[in-house]
Every structure is written in C-alpha cells, then in structure tokens.
Amino acid sequence: MSIRERLSGNEAIAYAMRQINPDVFAAFPITPSTEIPQYFAQYVANGQVDTEYVTVESEHSSMSTCIGAEAAGVRAVTATSSCGLAFMYELLYVAASARLPVTLACVNRALTGPININNDHSDSMGARDAGWIQLYAENNQEAYDNYLQAMRIAETPDVRLPIMVCQDGFITSHAVENILLEEDDAVKAFVGEYHPEHALIGRETPLAVGPYDVSPYYMEHKVQQAEAMKNAKRAILDVAADFEKTFGRKYGFFEEYRMEDAEVAIVLIGSTAGTAKACIDQLRAAGRKVGLIKLRVFRPFPGEELAEALSHVKAAAIMDKSESFSACGGPLYAETCAACYALDSRPVLIDVVYGLGGRDVATEDIARVYDHLFLMAENGGQGPKYIHMGQRSSEQEVL
Amino acid sequence: MKNMVEIRWHGRGGQGAKTACLLLADAAFASGKYVQGFPEYGPERMGAPITAYNRISDERCTIHSNIYEPDYVVVVDETLLQSVDVTHGLSPKGAIVINTHKSPDEVRPLLRGYEGRVYTIDARAISERTLGKYFPNTPMLAAIVKVSGVLDPWRFVSDMEASFKHKFATKPQVIEGNMECLTQSLKEVRG
Chain A
1 MSIRERLSGN
11 EAIAYAMRQI
21 NPDVFAAFPI
31 TPSTEIPQYF
41 AQYVANGQVD
51 TEYVTVESEH
61 SSMSTCIGAE
71 AAGVRAVTAT
81 SSCGLAFMYE
91 LLYVAASARL
101 PVTLACVNRA
111 LTGPININND
121 HSDSMGARDA
131 GWIQLYAENN
141 QEAYDNYLQA
151 MRIAETPDVR
161 LPIMVCQDGF
171 ITSHAVENIL
181 LEEDDAVKAF
191 VGEYHPEHAL
201 IGRETPLAVG
211 PYDVSPYYME
221 HKVQQAEAMK
231 NAKRAILDVA
241 ADFEKTFGRK
251 YGFFEEYRME
261 DAEVAIVLIG
271 STAGTAKACI
281 DQLRAAGRKV
291 GLIKLRVFRP
301 FPGEELAEAL
311 SHVKAAAIMD
321 KSESFSACGG
331 PLYAETCAAC
341 YALDSRPVLI
351 DVVYGLGGRD
361 VATEDIARVY
371 DHLFLMAENG
381 GQGPKYIHMG
391 QRSSEQEVL
Chain B
400 MKNMVEIRWH
410 GRGGQGAKTA
420 CLLLADAAFA
430 SGKYVQGFPE
440 YGPERMGAPI
450 TAYNRISDER
460 CTIHSNIYEP
470 DYVVVVDETL
480 LQSVDVTHGL
490 SPKGAIVINT
500 HKSPDEVRPL
510 LRGYEGRVYT
520 IDARAISERT
530 LGKYFPNTPM
540 LAAIVKVSGV
550 LDPWRFVSDM
560 EASFKHKFAT
570 KPQVIEGNME
580 CLTQSLKEVR
590 G
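Those protein sequences? They're chains A and B, same order as listed.
With the first letter of the first sequence counted as 1, position 126 gets the number 126 in the numbering used here; the numbers rise by one all the way through.
So the mapping is simple: the numbering used here equals the position in the second sequence, first residue as 1, plus 399.
Any given hint could turn out to be false.
Here are the simulated DSBU-like cross-link-like pairs (lysine-lysine), alpha carbons at most 35 Å apart as the crow flies [said to hold, decoys possible]:
id	chain 1	residue 1	chain 2	residue 2
1	B	Lys-492	B	Lys-570
2	A	Lys-222	A	Lys-314
3	B	Lys-532	B	Lys-586
4	A	Lys-289	A	Lys-222
5	B	Lys-532	B	Lys-501
6	A	Lys-188	B	Lys-566
7	B	Lys-492	A	Lys-277
8	A	Lys-314	A	Lys-230
9	A	Lys-289	B	Lys-492
10	A	Lys-230	A	Lys-250
11	A	Lys-188	B	Lys-501
12	B	Lys-586	B	Lys-566
It is worth saying that the hints were derived from the structure and are not from the lab.
Bound conformation, chain B alone:
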C-alpha cells in the first residue's frame, strides 16, 4: 500500500512501549490518518522483552499480521541490543532510534551491520529532568515522530497537549512536565 509507514517497538515489560505505541496511533488518528497500534502478547512479566507495532497510512490497512519488514524501529531499552535482533528486516531506507546516552556512532557496532540511519536519544536524562522520574515512553514517542516524519512534529505537540489535558484532567500539575518532556525530546534526538 502506498504511503504506509510500519513501525516496530522493542521494549521491556513495564516500560510503557505498548502505551507509547498506542499514543502514536492516537496522535496519527488525530491528524486524520488510518492507524493500527497493537502489541504482541505472550506470557508477559516485568522486564521481559516485548514488541509492539504501528501501521499508519492514508487508507485503511486490512493486514492483521505482525510487521516483519518495518520502515522504522524504536528501542526503548538499550540492553535489548545484546539479546534481540532489533534491526531484523528493518528497511535500509528507514531508521532506528535507540534510548541511550551514547552517540549513534557508538551504538552502530551493536546493530549487526545495519546500514540505514541510526538515531539516539537520552530518554532517561530528559524524563528525569522534566518529569522527575524515569518514564521513557514519552521521549521515545517524540523521537519516532521526529525521525519518521510520519506526523508534523508541531501538530503532534498540540494534539498531545489536548490529549494530556484530557488524560490528566484530575492532575493538571503533570501536564507541564509532560509537554516539556515532549518538546525537549524533539530537540535532543541525535543522528
């Protein structure tokens, strides 16, 4: 299907990769796209590797399978680079974005010869700075929006603000931190 973008998320149970995947689907839906957001389920437990997927397109995608040849990959936990072949099937025309304090050049040797674009973002530092706690999913969401270009970043920020205002209606004090987290993340993607 033309204009379809396929994204695969790698994270560990409890880090919010599934939530970030569903938030991306929400944001893409808000901008008028057809979306799919779905996690791959199994015997989940905290810390175990998990996978989640997005398809974003201009017409309805009817395929209901996992994604084997993604355009983009998001790695929410860099320790997965040792145990999971995160670039498997990843398009060389696409990109991978990894949560780490390291530079793209430092992590590239861990990517089993992947020749496409490599981006990094220090989601821990941004999250701890803006939210006071380690929630990597919001920075990673911003990073994939920027790297993939699937949504206009500033439209995305305003949609997310509306979404946070709805989601945190009873805790308005956390909205500012989340918005700060998003905008700083958009600026701090390295690649």
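Pulled out of the complex, with its shape left as it was, chain A reads as follows:
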C-alpha cells in the first residue's frame, strides 16, 4: 500500500535513502542539496540506518569516498549541487571509467558566476560527457521514484555506470507537495541487495582499480564504457517496467503529454514540464493542438525514440535550462537536432534558452512559445532559431 504524504523534493530523496539504507554516505553540504545529508544525518543519529556516514571536507573528497567504497564492493551515495558537482569533476570521470555505480542526488543549481543559488541545469549539463547516467524529475514524486530505480539501473551487470538523479533546486527540492511513498519492505525488496561480481574486499580474485591505461588498451576500455551506456537504455526500460508492475507508476525515456495530434511541441526537462502541462490544457481547451515531451533520461540520450516522437509535428521548441556557449544553441537542442537529422521530413526546430539562475517561468511564458511556434510552422521556419526567453532589453526580446 502506498503511503499518502506531503514532502519536499529533498525530504523525498532522504526518505528513499533511508529506505534503501546504503552502505556509505559521503556528505558535504551545498545549497540547495544540503537538506539531504542533513535529514540523513538524523536517520544515522536515530539508528534508523546503519550507513557509514562520512563527513568530508569537500565534494572532491565526497566523490573520492564514494569511489573508494564502491571499489571495495559496497553501495555508496552522495548529494550535491552546482559548484559542488563542478568540484567533483575529475572524479566523476574516474567513477564512470572504473565502472562504479555510485548514486548521486543532484539538486540542480546554476553555476557561478555571477554567483547564484537558484535553479538551472548548467551543473549537470556541464557534466553530461562524464559518462554518468542522468535521470531528471518534474516533481517530488518523480525524484523519489527515480531514486528508487537508480541503483538497479546503475548496478545492472552489463551497465555498471554511476547515476545522477536530478531535480530542480528550490522549485522541487524545497517545495512541499503531495507524494505517494512506498512501504520500507517493498522498497527494500524492489531495490535488492548489491553483490558486485568484482570488488577489492572479500573476493579471492585480485583486482586493481584505476591503474594507468596504455594507448594499446585505453580506447578499448572507452568503447566498453560507450557500450555500457547503450546497454543502459534497455536497463532503464526494464527497471521502469518492473517499477510499474510493483508500484503502479509508469516511466520511460520521456513522457509525451497530449502529443497524439499535436501540430507544435515543446521538449524540455524538469519542473517546467508541469507548468507547460497546465498551459497545454488551457490552449487545448481553446482548440489549439499543442503538446509536450518531457525528457526524463538525458544520458543515455534516447535520440531515435525522441526523433520518432517529434516526426509528426510541424515545429518544436527545444527548451534548454542551461547555456553551453556553443554560439548555436544549448545541449538539449544540439542533441535533438542531431537525433532528428535522420528523419525524412524534419520539423522546424528552435532553441529557447530559459530559466537561467532561477528566472521564473509561468504558464503565460509557455503560451508565448507556442504562439511563436505556430508562426514558425506557418512561415516555414523563418526567423531566429536560438532565443533567450524573457530578456529585460526589448531589443533582445523575441519571446
């Protein structure tokens, strides 16, 4: 039986961690993820978990701790945001290439500078090529459900990659909303125990973790890593299917909202999807055929599936909550364009960069994007394709 509760996104993640009772938690605080180690410390103090709670002096060390623990053969978790994730940067690659399924709760926050504590996706998007699986959530429920699925995906034998469970800082991490929680026993049974095939401790076969890799072998290991990421696609769907069977909530690579007959669509990640859904309901009531694709999985990127889902629309706005300074669009736009290139007939695709540093997005803002898309669909895609939404200067104002 599911438990009806109201929790913030951070509370939901900490609650899931308590239910899973990981072997090691490497803790270093940074806004807005700080509450996760804070709540978990109470569980440790109350004896509700028997996790080794390691307070370190930096995020570089928290990820190093996770790597050491996972290499030893146990489950290790951490949580961070923004500059904390940036400070882990070299270790993110080590965890991925050593094939250690660390679970990181990433509470997305803008990167400095200028210094800002509010939400955007520049932290995890900056780490998109580090070799981590990345799941994103619209709300507290999805953050909780993604966390319950994360370890099984990451620990799948032909995957064995670290995983980031992302949610929007403050917007969902600090917002109290209704949520359905699952019973402790059911969660433990679903997640299962971790018995890695290879480990430094408790195995008869000697093992080296993280040695120098010479040119004649290095590339083979990178190819294995790339193959593991491809395998993650199947693992994500398998775990989602079992999750739906067990708990009744359905997940995939992305959610399609009113896409069946949509003429124009928005593709985006995270909490703004909920705002877009409310906007879509209003526009649909007025007879306008608009839809949404909310991406849940950014790594591995479900390119073929996304292209297929977009193949029947006339125009789509790919909305990026990070600026990659490519001078031609953000990361989600670049990936989506690349995926759609294989289509025989492609929709007009534009990039709308939005919400940087916590810039708020209301239903009216989303409605303006749809208006613009209908215009683009009509004129065959004339006009700017790389737009920053809601600029103060009217000269820069497109949306």
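Based on these hints, arrange chain B on the given structure of chain A.
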C-alpha cells in the same frame, strides 16, 4: 484549475513566514487537499523581505511557478507596506490580511488603491499574551485560514493540536500557549 486557492506571503527573514506557509500546507494536506508550499529563495538574511507561496486545490496542481495573481495575500510585517507592492496582482475578489494593531480602515490608504477586502490582526499582542514572546507566524496562519475559508477553522484547530503534540512532544508546556494563540487569533481578525 477550478477550486484552486493561491496565497502569497510577505514577511521578513527570521519571522517565520516560510514556516507558516509550510504549516498551512500541512493543515490543508491533513484535510485531504492537494497542496504546494514553497518559499522564494535568494540571498536571505535576517530582516530582508521574503516571499512564500501556497497553492491549495482538490486535484494536483502541476504548475511550478511563483504566484503572480494571488487570491489572498498575508503581510507578516507591516513595515513592508512602504517598501513592497504587496497587493500587486492581488484579486479584487480576494483579500489581504496584515499584522498590525491598526484597523483595516487605517491601513487601506497604504495599499495603493487595492479595492478588495482588507483584514488586520494584532499578531504581536496575541503572541506576547499567549506565548510570552513575539512569534507572528501562528496568529497569521490562523488569520489566513479564517479570511480565506480554504479550510474549516475548527477542523484546522484540531489538526494543529495534533501537529503541535507531535512537534512539541518533548516540550508539552508550550502546546497550551500555541493552541490559545490559535483560537484567540481566529477570534481577533478585524475586517
């Protein structure tokens, strides 16, 4: 969305506006509603103006933006009336409730032409009388419950009693004062 009530809180860092906002979400949740309670975060420090929000509805609200056209506004610190446009976007069919010893007629001229209902409550006097200290959030919570009608006031009181018994399990002596604070506040809203 039908039957959705949107509330915006204005306070100063350290006064408990965020806590009151989350307590309202708790109370509404206890009565079977879908709730959102969230503060607007920035470089907070004690005394700086802060904003917090509630959405309360019969079905899940998926919108994740701030509230620009609230049905109700709560002002936890009356000195904000000079520096913050607290009635901005406020529905004329809704209401504003302000923590002050003044009457609604006395504060209305400060509300930049707002034409809706205006309520006041002397949260300082009630808090100091019942709790011995100035904690404006409990009186303001009671006031918005009464003014908005979003929850049944007496159901709210009994839910809050259960919540206080849980929250103050180790300090039962403060429960009585808080309950007295709530019930007096429900009676002393002027408007």
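**Request:** Assess, step by step, whether the Cα of Lys-188 (chain A) is no farther than 35 Å from the Cα of Lys-501 (chain B), and give holds or violated.
**Result:** violated (57 Å)
**Item:** Hint consistency between Lys-314 (chain A) and Lys-230 (chain A) [alpha-carbon to alpha-carbon, up to 35 Å]
**Value:** Answer holds: Lys-314 (chain A) to Lys-230 (chain A) is near 30 Å, not above 35 Å.
**Given pair status - Lys-586 (chain B), Lys-532 (chain B), alpha carbons within 35 Å** = holds (20 Å)
**Prompt:** Straight-line Cα separation of Lys-188 (chain A) and Lys-566 (chain B) no greater than 35 Å?
**Reply:** It holds: about 29 Å lies between the C-alpha atoms, which stays within 35 Å.
**Message:** For a C-alpha distance cap of 35 Å, please report whether Lys-289 (chain A) and Lys-492 (chain B) respect it.
**Reply:** With a Cα-Cα distance of about 33 Å, the restraint between Lys-289 (chain A) and Lys-492 (chain B) holds, given a limit of 35 Å.
**Prompt:** Taking only the CA atoms, is the gap from Lys-532 (chain B) to Lys-501 (chain B) under or equal to 35 Å?
**Reply:** holds (20 Å)
**Prompt:** Keeping to a limit of 35 Å between CA atoms, is the pair of Lys-289 (chain A) and Lys-222 (chain A) held or broken?
**Reply:** violated (44 Å)
**Asked** Quick one, are Lys-492 (chain B) and Lys-570 (chain B) close enough, alpha carbons at most 35 Å?
**Response** With Cα atoms ~41 Å apart, Lys-492 (chain B) and Lys-570 (chain B) exceed 35 Å; violated.
**Prompt:** Holds or violated: Lys-222 (chain A) with Lys-314 (chain A), Cα cutoff 35 Å?
**Reply:** violated (38 Å)
**Prompt:** Has the given pair, Lys-230 (chain A) with Lys-250 (chain A), been kept, meaning a C-alpha gap of at most 35 Å?
**Reply:** It holds: about 22 Å lies between the C-alpha atoms, which stays within 35 Å.
**Message:** With the threshold set at 35 Å, check whether the alpha-carbon distance from Lys-492 (chain B) to Lys-277 (chain A) stays at or below it.
**Reply:** Cα-Cα ~27 Å, so holds.
**Prompt:** Holds or violated: are the alpha carbons of Lys-586 (chain B) and Lys-566 (chain B) at most 35 Å from each other?
**Reply:** holds (24 Å)
Hint compliance for this structure: hints 1, 2, 4 and 11 are not met, and every other hint is.
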